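Engineer: We have chain A already, so just place chain B with the ligands on it with the hints.
Letter by letter, the chains look like this.
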Amino acid sequence: MAKITFITSDNEKIELEATSGSVMQLAVDNGVQGIDGDCGGVCSCATCHVHVLPEHVSKTGTASEIEQDMLELDDNVSEYSRLCCQLDVSDALDGVVLQVAK
Amino acid sequence: MNTSEISDPFKKARIESGCGHMEDQNDPATMLLRLKDVRKSAHNWKTFQSGAAPGRIVIPSEVHIRETRQIPFEVDPPEHKAYRNLVEAWFKRPLDEAYQQKLTTIVETIIDEVLTKDNIEVVEDLSLKLQSRALTLLLNTPFEESEKWISWGTHVFRSEGSSLDGDKANILYDYIDAEIDKAIAKPGCDLYSVLLASEIDGKKLSKEEVKGVMILTFAGGRDTVINALTNSVAYFADNPKSIQYIKENPEYTGKAVEELIRYFSPLTQMGRVATEDTVVCEHAVKADTRISLCWASANRDETVFENPNEVVLDRKLNPHVAFGFGTHNCLGATHARQIMNIFLTTIANKVASIDIIEAKENIEDLGDFKRKVGYDSLTVKFHNH
Ligand code: HEM
Ligand code: FES
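For the record, the sequence lines run as chains A and B. Heads up, the first sequence is in UniProt numbering, so the first residue is 1 and it goes up one at a time. Heads up, the second sequence is in UniProt numbering, so the first residue is 1 and it goes up one at a time.
Next comes chain A alone, as it looks inside the complex:
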């Protein structure tokens, strides 16, 4: 079981728990504002953009080259940017805090 926290652009804090699936799906299923997941999680739409809070980066690891290429052209990209459809829920993510980019 991993606890995952989203902070939306309205500064709303949403704490969710899950054991499997992608972080994007978790956010969409719970109506987290700013995460649309248009492409269903295949890394094609960039509507699942989050910034990992710096102190949690060790939990998420880094983006693949394909993901980086997508992010590179996104507005307000930062070195902490991730497409959260590419983050699989696991114990390793427990406690992670994600700032929704949109």
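Don't read these hints as lab results, they were simulated from the structure. Each hint should be verified, as a subset may be incorrect.
Straight line, CA to CA, 20 Å or less: simulated PhoX-like cross-link-like pairs of lysine-lysine [said to hold, decoys possible]:
{"no.": "1", "chain 1": "A", "residue 1": "K13", "chain 2": "A", "residue 2": "K102"}
{"no.": "2", "chain 1": "B", "residue 1": "K92", "chain 2": "A", "residue 2": "K102"}
{"no.": "3", "chain 1": "B", "residue 1": "K370", "chain 2": "B", "residue 2": "K102"}
{"no.": "4", "chain 1": "B", "residue 1": "K92", "chain 2": "B", "residue 2": "K46"}
{"no.": "5", "chain 1": "B", "residue 1": "K186", "chain 2": "B", "residue 2": "K204"}
{"no.": "6", "chain 1": "B", "residue 1": "K204", "chain 2": "A", "residue 2": "K102"}
Note that the structure is a prediction, hence the values are computed from the model and not measured.
Structural biologist: Just chain B with the ligands now, kept in the frame of chain A:
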């Protein structure tokens, strides 16, 4: 070669030079063929604009047959954003459960019907019908309107041989003019009325602006959806195991939709006009000349996609650009994805196999390249379980 195969005519040029060339009514286009270049240039709207003369970014150019600016498609930021904000929520309605239920009824009715027939011609008897009926949901207009759109046939925006025909386009333009006048006289809950009532910076949209949005909604969502559906039928006919796969793994339907859309790339390319002298992948592009963003080639880029010419239904990383990229990414994508999703699910539930009787391919002539984009006609027989 399987009937359903859609080959990649761009491979050699994409690897060797990254560019192609296309003549078109004295306004040639440099075609960008690599995923990275396509994305970068789609992103760079300052240098590669959409807001040129109406019709110019379309290939073949529609400059001589159309004066109305299509909105938000032929508008650049920052104005683009204002228009897009007006319609974004409306075009997300396909995510509502009630919408999906109605769409499911539309799809199931058509599949039930084709299952009772001996042979059907997919383009006219299935794809055009489904596309038109589904569009009544997106516009929130009476279901019966679809009968008129179906009666126009598939060639309302292009005549035989895909050269452009102004008279045929006029059928649509006159129809939309009349519908706008109706909505002015008696506002309802349809997209026409919603647009007529909306404002940007306190100013109501003009009739011409409303027309620009409506033309685009009709034109952008017609051949693209029809080709996606027809190509899917051909694919499932050649690959009955894939029907079984989706039946057994419904959770992969979304990924399968993305992969089929990547493979089919129903919109081959879209143009842009350079606003300054510039260079793309080592090719000089002069100000006021056209480039094209070739989505279909980018979607087979071997440096990004493993086995790019294979349909891998559970492809996990699939950064395709079939719905465009960046500013102008497809507004109808939510609707198109729902149609495809429900279509695949319905086929998986009701259809055991499909036999192809006869296929006439629709080949686009793109200067250096010839690309199959779908079928002029596809005659098949559906079998139930
Ligand atoms: C499988 C089906 C479809 C495909 C492959 C497709 C593809 C595309 C592509 C590649 C673009 C980007 C054009 C550019 O960058 O200049 C686009 C834009 C657009 N599409 Fe689609 N489309 C599809 C279905 C639809 C449908 C059903 C509608 C509406 C009924 C629609 C409406 C639009 C609109 C309004 C835009 C312009 C958005 C803007 O400029 O902001 N499309 N589409
Ligand atoms: S959901 Fe589309 S890129 Fe993540």
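Engineer: With reference to the structure, classify each hint as holding or not holding.
Structural biologist: A quick look at each hint next to the structure:
{"no.": "1", "hint": "A:K13 x A:K102", "in the structure": "holds (14 Å)"}
{"no.": "2", "hint": "B:K92 x A:K102", "in the structure": "holds (16 Å)"}
{"no.": "3", "hint": "B:K370 x B:K102", "in the structure": "violated (38 Å)"}
{"no.": "4", "hint": "B:K92 x B:K46", "in the structure": "violated (28 Å)"}
{"no.": "5", "hint": "B:K186 x B:K204", "in the structure": "holds (17 Å)"}
{"no.": "6", "hint": "B:K204 x A:K102", "in the structure": "violated (28 Å)"}
Taken one by one, the earlier hints fail for this structure at numbers 3, 4 and 6, listed in ascending order.
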